[in-house]
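Novice: So you can see what is in the structure, the chains are spelled out below.
2 protein chains.
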Amino acid sequence: MASATALNKYRNFSEWFDSLLVEARIVDDRFPVKGFSVYLENGAFILRKVREMLEEELNNTGHKEMVFPLVTTEELFSRESQHIKGFSPEVFVIESAGGKPLENKLIVRPTSETIMYPMFKLWVRSHADLPLMVHQSNMVYRHETKATRPLLRVREIPWNEAHTVHATAAEAEQQVRKAVDIYKKVLDRLGLAYLILKRPDFDKFAGAKYSVAFDAWNPDGRVNQVGTVHNLGKNFSKVFEIEFETADGERENPHQLCYGFGYSRVLAAIISQHGDDRGLVLPSAVAPLHVVVVPIVFKGQEETIVNYCRKIAEDLKGLRVFLDDREDKTPGEKFYYWERMGVPVRVEAGPREVAENTATVFRRDTLEKKTVSLEEVERYVVRLLAEIDKNLAEKSWRVMRQMVSDASSVEEVKKLIAERRVARLSWCGSTDCAMSLKEAAGGELRGSRFDVVETPSSACVVCQKPAVELVYYARAY
Amino acid sequence: MASATALNKYRNFSEWFDSLLVEARIVDDRFPVKGFSVYLENGAFILRKVREMLEEELNNTGHKEMVFPLVTTEELFSRESQHIKGFSPEVFVIESAGGKPLENKLIVRPTSETIMYPMFKLWVRSHADLPLMVHQSNMVYRHETKATRPLLRVREIPWNEAHTVHATAAEAEQQVRKAVDIYKKVLDRLGLAYLILKRPDFDKFAGAKYSVAFDAWNPDGRVNQVGTVHNLGKNFSKVFEIEFETADGERENPHQLCYGFGYSRVLAAIISQHGDDRGLVLPSAVAPLHVVVVPIVFKGQEETIVNYCRKIAEDLKGLRVFLDDREDKTPGEKFYYWERMGVPVRVEAGPREVAENTATVFRRDTLEKKTVSLEEVERYVVRLLAEIDKNLAEKSWRVMRQMVSDASSVEEVKKLIAERRVARLSWCGSTDCAMSLKEAAGGELRGSRFDVVETPSSACVVCQKPAVELVYYARAY
Numbered sequence: 001m002a003s004a005t006a007l008n009k010y011r012n013f014s015e016w017f018d019s020l021l022v023e024a025r026i027v028d029d030r031f032p033v034k035g036f037s038v039y040l041e042n043g044a045f046i047l048r049k050v051r052e053m054l055e056e057e058l059n060n061t062g063h064k065e066m067v068f069p070l071v072t073t074e075e076l077f078s079r080e081s082q083h084i085k086g087f088s089p090e091v092f093v094i095e096s097a098g099g100k101p102l103e104n105k106l107i108v109r110p111t112s113e114t115i116m117y118p119m120f121k122l123w124v125r126s127h128a129d130l131p132l133m134v135h136q137s138n139m140v141y142r143h144e145t146k147a148t149r150p151l152l153r154v155r156e157i158p159w160n161e162a163h164t165v166h167a168t169a170a171e172a173e174q175q176v177r178k179a180v181d182i183y184k185k186v187l188d189r190l191g192l193a194y195l196i197l198k199r200p201d202f203d204k205f206a207g208a209k210y211s212v213a214f215d216a217w218n219p220d221g222r223v224n225q226v227g228t229v230h231n232l233g234k235n236f237s238k239v240f241e242i243e244f245e246t247a248d249g250e251r252e253n254p255h256q257l258c259y260g261f262g263y264s265r266v267l268a269a270i271i272s273q274h275g276d277d278r279g280l281v282l283p284s285a286v287a288p289l290h291v292v293v294v295p296i297v298f299k300g301q302e303e304t305i306v307n308y309c310r311k312i313a314e315d316l317k318g319l320r321v322f323l324d325d326r327e328d329k330t331p332g333e334k335f336y337y338w339e340r341m342g343v344p345v346r347v348e349a350g351p352r353e354v355a356e357n358t359a360t361v362f363r364r365d366t367l368e369k370k371t372v373s374l375e376e377v378e379r380y381v382v383r384l385l386a387e388i389d390k391n392l393a394e395k396s397w398r399v400m401r402q403m404v405s406d407a408s409s410v411e412e413v414k415k416l417i418a419e420r421r422v423a424r425l426s427w428c429g430s431t432d433c434a435m436s437l438k439e440a441a442g443g444e445l446r447g448s449r450f451d452v453v454e455t456p457s458s459a460c461v462v463c464q465k466p467a468v469e470l471v472y473y474a475r476a477y
Numbered sequence: 001m002a003s004a005t006a007l008n009k010y011r012n013f014s015e016w017f018d019s020l021l022v023e024a025r026i027v028d029d030r031f032p033v034k035g036f037s038v039y040l041e042n043g044a045f046i047l048r049k050v051r052e053m054l055e056e057e058l059n060n061t062g063h064k065e066m067v068f069p070l071v072t073t074e075e076l077f078s079r080e081s082q083h084i085k086g087f088s089p090e091v092f093v094i095e096s097a098g099g100k101p102l103e104n105k106l107i108v109r110p111t112s113e114t115i116m117y118p119m120f121k122l123w124v125r126s127h128a129d130l131p132l133m134v135h136q137s138n139m140v141y142r143h144e145t146k147a148t149r150p151l152l153r154v155r156e157i158p159w160n161e162a163h164t165v166h167a168t169a170a171e172a173e174q175q176v177r178k179a180v181d182i183y184k185k186v187l188d189r190l191g192l193a194y195l196i197l198k199r200p201d202f203d204k205f206a207g208a209k210y211s212v213a214f215d216a217w218n219p220d221g222r223v224n225q226v227g228t229v230h231n232l233g234k235n236f237s238k239v240f241e242i243e244f245e246t247a248d249g250e251r252e253n254p255h256q257l258c259y260g261f262g263y264s265r266v267l268a269a270i271i272s273q274h275g276d277d278r279g280l281v282l283p284s285a286v287a288p289l290h291v292v293v294v295p296i297v298f299k300g301q302e303e304t305i306v307n308y309c310r311k312i313a314e315d316l317k318g319l320r321v322f323l324d325d326r327e328d329k330t331p332g333e334k335f336y337y338w339e340r341m342g343v344p345v346r347v348e349a350g351p352r353e354v355a356e357n358t359a360t361v362f363r364r365d366t367l368e369k370k371t372v373s374l375e376e377v378e379r380y381v382v383r384l385l386a387e388i389d390k391n392l393a394e395k396s397w398r399v400m401r402q403m404v405s406d407a408s409s410v411e412e413v414k415k416l417i418a419e420r421r422v423a424r425l426s427w428c429g430s431t432d433c434a435m436s437l438k439e440a441a442g443g444e445l446r447g448s449r450f451d452v453v454e455t456p457s458s459a460c461v462v463c464q465k466p467a468v469e470l471v472y473y474a475r476a477y
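Line by line, the protein sequences give chains A and B. Under the numbering used here, the first residue of the first sequence carries the number 1, and numbering increases by one thereafter. Under the numbering used here, the first residue of the second sequence carries the number 1, and numbering increases by one thereafter.
Bear in mind the hints are in silico, worked out from the structure with no lab data behind them. Just to be clear, a hint being listed does not mean it is correct.
A pair counts as met if it fits within one copy or between any two copies, since identical chains are not told apart.
Stated by the list, open to error - Derived pair list, reagent style BS3-like, types lysine-lysine, alpha-carbon separation capped at 25 Å: (1) K85 - K390; (2) K465 - K369; (3) K334 - K64; (4) K311 - K185; (5) K49 - K390; (6) K49 - K64; (7) K238 - K334; (8) K414 - K121; (9) K85 - K100; (10) K64 - K317; (11) K85 - K317.
Construct the complete structure from the given sequences, taking the supplied hints into account.
Specialist: As structure tokens, then:
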């Protein structure tokens with residue numbers, strides 16, 4: 001296997017990514033079932049931290065955490081016609097148990113609408129029961145037919161799905177904004193850069209009125225959908241017979257939303273956006289270690305130096321800190337190892353630091369070193385972690401902006417896609433134009449900005465008729 | 001549906017339990033697939049807290065959290081002959097995806113040995129890689145053929161499974177003790193009472209050398225297995241070809257352990273052991289709310305009293321506290337509601353308390369009230385929570401001790417089982433005697449104490465031959 005250090009994420013994304021996954025102990029992809037991978041300790045740690053961050057936001061904004069089953073019945077799964085059309089090509093089906101065929105086959109959830117909504121029907125009676133807002137972090141299963149790829153395109157998908165029920169269309173609209181804000185907050189804390197796009201109608205969630213999605217940039221120019229928010233209107237409440245009594249005593253179907261946040265795709269974005277030729281670069285919120293302390297031992301002074309470093313590690317114990325006092329590794333080997341693992345800060349101390357009562361602090365993002373006095377170390381490192389987080393975010397948004405470019409013809413779109421970039425273009429709104437662009441340029445029409453108003457600057461790049469939207473166009477995972 | 005308050009857990013356990021599950025928002029069992037239930041917000045909260053407590057212990061004792069897939073292949077599943085014999089009658093099998101039969105059927109995990117150990121084979125090379133210790137909280141699936149029952153006998157089982165690999169038999173033995181200690185610690189923090197039993201050979205885990213289990217008591221006398229620790233010896237390492245090089249350069253199969261902690265069964269034990277005729281009684285570690293503050297409003301003083309209570313709630317904000325200032329409910333209704341939900345402490349304040357600058361503190365376990373001065377409230381409540389936890393544990397252990405009684409004949413065993421109690425009896429060790437006892441008395445031979453040495457006091461209660469073990473006998477979930 002090629003070492004991550006020999007690779008560059010922009011030039012050889014796939015190799016860079018795959019070797020980092022193994023070397024930084026994120027994922028082992030050798031599990032003998034295609035599309036199912038094993039998350040190693042660092043991958044599992046980051047997934048957990050991202051999950052905790054999101055769940056905290058959801059719990060603090062009125063969502064109740066519940067746990068719903070893995071399976072649904074064929075009858076429930078088939079109720080919403082668009083939904084079944086969208087998902088049936090990829091559902092896994094349990095057909096037997098204990099060696100005997102099941103009387104009723106079980107559909108393994110590709111998402112949980114058809115599992116949760118029969119319960120919502122039982123729970124929603126009156127307007128006083130609304131809004132109903134629940135969420136669950138779980139795994140969903142989709143028999144992805146394209147080539148699988150760890151974290152990005154897998155058949156077992158760790159995510160959070162939230163589902164809300166509202167009395168009015170206006171409240172449902174408001175909740176779309178709120179959900180977008182929740183996802184934004186978490187992604188921002190991770191320093192990730194993304195586009196918030198309203199998907200074109202032909203690419204909305206199966207059964208939704210419309211879909212809003214977060215597309216994070218990826219070094220190979222293929223955007224990575226990390227989260228989606230769907231306004232379902234009354235499509236599901238009608239077929240699942242969810243009804244409530246209004247204040248006026250009328251019976252109505254409520255409006256619904258569902259939104260999903262892909263943990264493994266967010267993990268992929270953290271790796272891809274922040275990582276560099278040396279390996280991972282982790283934001284502090286998810287770093288398994290914030291600081292590693294490395295003694296630079298010299299013969300005869302081993303004990304003094306290790307004790308000095310132990311004291312530093314002690315001072316940093318409010319953070320996730322590790323004293324790497326392994327005797328069978330050189331400082332150089334330790335530096336290489338922890339840089340590859342993405343530990344944001346390294347503190348070194350050798351004879352010079354001991355003599356001067358200082359420590360040398362290395363920051364992983366810029367690779368800069370600074371010497372600080374011993375009593376300053378803790379305060380300095382805490383501040384530095386915040387500065388690294390800020391810098392990672394700024395850097396990532398800079399790349400995102402550079403990656404997007406305006407295109408005023410099909411040729412220009414094609415060129416940008418070939419250059420692994422994202423095209424912004426004017427579009428007339430017709431599916432035909434989107435399809436013929438796909439044939440010509442190979443990417444996908446991802447939609448128009450949801451969070452800011454952007455108006456088309458010219459005619460449709462395909463048909464030259466008046467454009468109605470300024471849309472983003474890219475290859476995608 | 002009968003109200004929980006009309007029921008008694010010892011006299012009508014099933015009705016008491018089922019109505020509490022719904023009323024205290026633990027589980028909704030109306031999901032249309034048998035054996036799969038929905039965990040409502042309080043059930044999900046308690047599951048989460050128990051999970052966090054256990055995971056913290058596991059992480060602090062060298063176990064690494066990883067995430068392994070839901071499925072395995074038929075080939076892997078079938079490798080260990082006893083294991084497949086034990087589990088194949090209850091595995092769910094995915095046979096198709098996207099409407100097409102799968103070339104290779106997928107076995108849904110009933111437990112993860114056959115999923116993890118192919119990876120262990122790749123990871124374990126030398127003695128330096130050992131011990132390997134991983135854990136994962138997940139759901140396992142077993143097509144339980146007996147009648148299902150929420151939390152206690154379900155087909156989708158939330159649990160944690162830990163798996164360890166050791167160089168020597170002695171280390172594996174030590175790890176059995178350590179695992180038992182970890183589970184003990186968590187169960188003790190929850191105030192639960194249990195027997196730690198070494199299961200008889202005919203009832204060990206499929207593929208294990210021997211099994212140790214935690215049987216928690218239940219009001220109906222049927223013990224509830226909440227955790228198990230299995231010493232697998234080399235049974236699995238041989239068939240999964242896990243090998244390591246010893247310090248002497250020899251190649252050996254390592255020794256393995258697996259241990260599982262059933263979250264839903266622990267939740268059942270919390271409800272069943274601590275609950276009373278009024279509803280749940282929750283230990284502080286898992287209570288969604290520690291304290292509810294209820295204003296006892298009198299006409300004309302509403303605002304003063306509610307503000308007074310708000311100040312109390314503020315003072316308690318280090319705890320999980322809720323000010324129940326709903327205007328459409330009487331204090332009596334609120335008392336009833338929160339008692340049923342098991343909130344350990346209630347603080348009340350009305351005109352008298354406001355006038356005297358005090359608060360009335362009610363403890364859920366003993367139903368006692370005490371008036372304390374306002375500035376004392378916080379300290380008093382914190383201390384009271386610890387006292388309630390202690391009292392719940394003592395009470396639970398008292399019941400456990402009373403539930404167990406010595407039996408010196410088959411008739412006595414039968415009588416104890418009929419009285420919903422646990423029999424302790426001398427046994428010769430033969431499977432025949434265990435089976436004939438089962439036929440006569442209807443319970444199960446659960447094994448002998450693992451944590452203390454108990455020697456048989458008489459001849460085998462069945463055959464009258466010399467006894468080799470003092471064992472516990474009970475009906476079981």
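Novice: Does each hint fit the structure? Answer for all of them.
Specialist: So, going through the hints one by one against the coordinates:
no.: 1; hint: K85 - K390; verdict: neither (43 Å within a copy, 56 Å between copies)
no.: 2; hint: K465 - K369; verdict: neither (57 Å within a copy, 78 Å between copies)
no.: 3; hint: K334 - K64; verdict: between (44 Å within a copy, 21 Å between copies)
no.: 4; hint: K311 - K185; verdict: neither (36 Å within a copy, 31 Å between copies)
no.: 5; hint: K49 - K390; verdict: within (18 Å within a copy, 33 Å between copies)
no.: 6; hint: K49 - K64; verdict: both (19 Å within a copy, 15 Å between copies)
no.: 7; hint: K238 - K334; verdict: neither (60 Å within a copy, 35 Å between copies)
no.: 8; hint: K414 - K121; verdict: neither (48 Å within a copy, 47 Å between copies)
no.: 9; hint: K85 - K100; verdict: between (29 Å within a copy, 15 Å between copies)
no.: 10; hint: K64 - K317; verdict: between (34 Å within a copy, 20 Å between copies)
no.: 11; hint: K85 - K317; verdict: neither (54 Å within a copy, 50 Å between copies)
Violated hints, in rising order: 1, 2, 4, 7, 8 and 11; the structure is consistent with all others.
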